[in-house]
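Residues per chain, in single letters:
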Amino acid sequence: MSRLANGGLIDRAKPLRFRFDGRDYGGFAGDTLASALVANGVRLVGRSFKYHRPRGILTAASEEPNALVTLREGARAEPNTRATTVPLFDGLVASSQNRWPSLSLDLMAVNQLAGPLFAAGFYYKTFMWPAAFWEKLYEPLIRRAAGLGKLSMLPDPDTYDREHGFCDLLVIGGGPAGLAAALTAGRAGARVILADEDATSGGRLLAERHEVDDLAGHDWAARAMAELASLPNVRLLPRTTVFGAYDGREYACVERVCDHLAEPPPGQPRQRLWKIVARHAVLATGAIERPVVFGGNDRPGVMMASAVSTYLNRFAAAPGERAVVFTATDSGWATARDLVRSGVAVAAVVDSRPAGEAARRIARTMAVEALFGAVVTQAHGRSLRAVSVRTATGETRRFSCDLLAMAGGWNPAIGIGSNLGARPVWSEAIHGFVLDATPPDLAPAGAARGVFALGEALADGARVAAAALSELGRAATVPAFTASEDPAGSAPLWHVPGKAKAFVDFQHDVTDSDVELAACEGFVSIEHLKRYTTLGMATDQGKTSQLNGHALLAAATGRTIAEAGTVLSRPPFLPVSIGVLAGHHRGKDFRPVRKTSAHGWSQARGATFTDAGQWKRAQWFALPGENDWRQTIDREVNATRNGVGICDVSTLGKIDVQGPDAGALLDRLYINTFSTLAVGKARYGVMLREDGFVMDDGTTTRFAEDRFFVTTTTVNAAKVMQHIDYARQVLWPELDVQATSVTEQWATYAVAGPRSRALLERLLPDIDLSDAAFPYMAARELVWNDRSARLFRLSFSGDLAYEIAVPASQGEALVQALFALGADLGATPYGTEALGVMRIEKGHPAGNELNGTTTATDLGMGRMMSARKDYIGRIMAKRPGLTDPDRPALVGLRPIDGTSRIRGGAHLLPEGAPPVAAHDEGYVTSAAHSPTLGTPIALGLLRRGRERHGERIVVHDPVRGADVLAQVCDAVFVDPEGVRVRG
Amino acid sequence: MAELHREARSGFGLVAIMARKDLAAGAIGAALGLEAPTRPGIAWADDGIALIGTGQGTWLAYAEAPPPFWAEALRERLDGLASVSDQSDGYAITRLWGEGARTVLQRGAAIDFHPQAFGPGSAATMVIAHIGAIVWQRDARPTFEIATFRSYSDSFRHWLDQVAAAL
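If you read the sequences in order, they're chains A and B.
Each residue of the first sequence is one higher than the one before, starting from 117 at the first, in the numbering used here.
Each residue of the second sequence is one higher than the one before, starting from 16 at the first, in the numbering used here.
This is chain A alone, in the form it adopts within the complex (with noise of 0.2 Å):
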């Protein structure tokens, strides 16, 4: 055990017990999985991406490129989890990742033997040659070696849902300039949200032994927590994680509902997105230690010296009994005080820097030996043992350690503020890149700004949330505080140079010679230099690594690193799961369903349903006995041809289009004329696009002089009604008109059959429905129920038909009385199916036909195109390509032998020709087993279709079955005389 025996942030009182690779060990509440694991002496934890080396935990934070764990098991499983983030919870279960057969014996390691193959760019280098052994042997290496943990491909238990934040200013961080920023604003009464990663906020107060306001640290920020949790204008949000700035000032976060917990419990989501919209926002993410880029860094007892820091002050756990300091920064002899106070040797401090009289004389206090102006060189062992050290005057000297705390500097961890594309400027004076610009309104403080001594980035976190306040008219108070004396001095030291591996991007295992080798095939942009070496691609985005690698590019091509440059960072910040992303929209709720009114009516009654657009249509209603839906469809079809059946119709879009000028509106928005309509009649129109296609077509009523009821199809309704929109508000403001969508409103039937007049007699006896009363497209309104109702005398199916519209309350009550009334008669509920046979039959074009690629005169429309008004598509409609008169046509086609199928979207050939595209003379659109006429029956689109009616043509279905000889004919296979329709 290295649990120490005092002092830490946990709760020895709630014991835990964990388990990680199928051994048990025990925690603490407040523990981490890697503050519990270096407790208990586990230093081991996971397998490097390409090489397979053994890898320690590196850092305590979010940062952290090597502990990747998958936690939980079964489904919840989550892979590539940084076991520094994990909070630790009873019963919690990891694995390590990416090794075989296990995380101590790992033969893919002998990966390092092939050093040379996994060089920078190897990608591609090794596999460019020979090029077909990629799709066999490459590739599936490739996938087979890439990604470290693996998905359980399970379905995910969890549910994830959003919320929306607004706020005056958004404080991302909860560290001392985050804390002071969010007192300073939430005092003045502005709407603060302040968003922390971490479950306990304070940041580096929690890890560090510093003192506030005469407080230690951390009860200095639990006192700034409670303040600001009483102050009802602030919001706190832990175990929040900002991911990225967007557009608009607004933010990405993740928040980590129940993460900390075994599983979530009922009701409540995994994790949350949030979305806040900030006036202003302050960055106090504080700042990333880097690594030192030497021999042998990324072995397990190597770490961060702020890490060591805090597994020794916040979780009272020893990272090591023996270790050296290696250092450029004042903060590395922090971590040496850290390892004293708690009782781990130190064998050494090293200090890049020349000595100064301050550093001399802590080092006297502390009793460690210190070597001024000396670097390590390379660490010994699988796990470390030793570190080699090179002096200042030159000789090596070799310490024992089991653990080296590097301390290289402090990098602001800015990335959110470069997501809108300001690129990051050198500093020379923190020896970083910091923000130069940022995206609106968004502020950096504190160590993201480059102020690192506490005491001043208390003072600068209050002083950028008081200049944000004043941009919006608000004054505020900045508070004073006192904090501990916090030297912030560095120096730069980049790179150790040696023979041993010195890794740069731990992650994915980048190393200084494999930049230097970029640099020498000529990748010398930053970006090259990312992309051929895959240096901060991994799901860390180079956090630790990114600055070391720009800066060993730098001087392998001799230029600063300002000149040198850096990347930009994209969103997410951290890594995001899909899941939560998705949210509540996912499997059944992928998108909303909109149901008819009859829907369950229609339920009951044994529909199967089909999609049509967000709409749930019923497709056909099986009986008992029928084993297949052309036996359903047929029967449906029969019914309704030869008595009465009724379909819901409800879904076709309807809009009212009002005011004096409603019908000038229509005659520019349809080919054909709508003014000159008579009230109390119903007209069949087309609508071209303005490029002279067809858009859609429908029925339009006038049901008084100002006052039209437009369709549309199920699937353009919202289409035209922005159309229609469009056309009264932008290209004819003038005109007198409005329109509502009304698609909702009104339940709608087609009840169609040459019964269809004797059940509506039944439903409506006061009503005369005789021919002369009410013909083919009359159309009126009257009260069924107590309410406004309507019928039309229209018909799809080209049966004597009507449709009736109740309001949309009312459909069911409809759909019950016409079946109760229409029992003698037959009365036969149908679906999309055999609507679709009968309008086919009918040769009456449908979605297959208004494709977007269709003339008026392609779907045999063209006499409607009125010459005497202008219309929308007018002009383009005459365009040399679109009256050409080999463009292809609506035709009708039968099989010669009267029995083969044919199928939607064959192609149509000349006889005898070969099967090639020069050939191809148009498809089949529409295709149905025609129970009226007994043989199977198709529309398609011909070359000059309308001459050729009568001519034999090969339909060639190359991949669903053999060729079909047939018949093309003209498209109306049913009632050509339109006997039927007229009663």
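No lab work stands behind these hints: they were computed from the structure.
Don't take each hint at face value.
[Stated by the list, open to error] Sample of chain A residues facing chain B (criterion: CB under 10 Å; computed from the structure):
1) E379
2) G383
3) Q384
4) S766
5) V853
6) A855
7) Q861
8) L898
9) D902
Remember, predicted model here, so these are calculated numbers, not experimental data.
Think of the CB as a built atom: it goes at the ideal place given N, C-alpha and C, for glycine as much as any other residue.
With the hints as your guide, set chain B onto chain A.
Using the frame of chain A, we list chain B on its own:
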């Protein structure tokens, strides 16, 4: 768990009113005996009828218990002033109240429901769970009403169930 009450409304009247060209809101309001809001908002008349501003020159007239043929009567009253379409059956209205109501809405819609931004008398059109919605606030309890197209009722209810369970 925050308190939340919900109720599916029925029997209400909802009528879309679109002013004729160049006609001021005042004329519509005068014909109906109330002040027609000229911005997103809901204005109540003494007889329990309200006008909800949903866009430029566009309102929904709302009555909790309208007389029969209310839409037709409104059309007559607004003859020559506005185009009128009955939408009473086109929408489902869900009433939400209690301290959890605001959170529920905030988990659905990307607009600010803070009392400073959205209070009694406020109304707005928005999208909740990919479903178009018109939301207005009745009182400071707070009580909200959410109108969504009728066909989406099951999907909307399913979303609401999930969000309510997470309060």
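Hints, one by one, checked against the model:
{"no.": "1", "hint": "E379", "verdict": "violated (15 Å)"}
{"no.": "2", "hint": "G383", "verdict": "holds (3 Å)"}
{"no.": "3", "hint": "Q384", "verdict": "holds (6 Å)"}
{"no.": "4", "hint": "S766", "verdict": "holds (8 Å)"}
{"no.": "5", "hint": "V853", "verdict": "holds (8 Å)"}
{"no.": "6", "hint": "A855", "verdict": "holds (8 Å)"}
{"no.": "7", "hint": "Q861", "verdict": "holds (4 Å)"}
{"no.": "8", "hint": "L898", "verdict": "violated (13 Å)"}
{"no.": "9", "hint": "D902", "verdict": "holds (6 Å)"}
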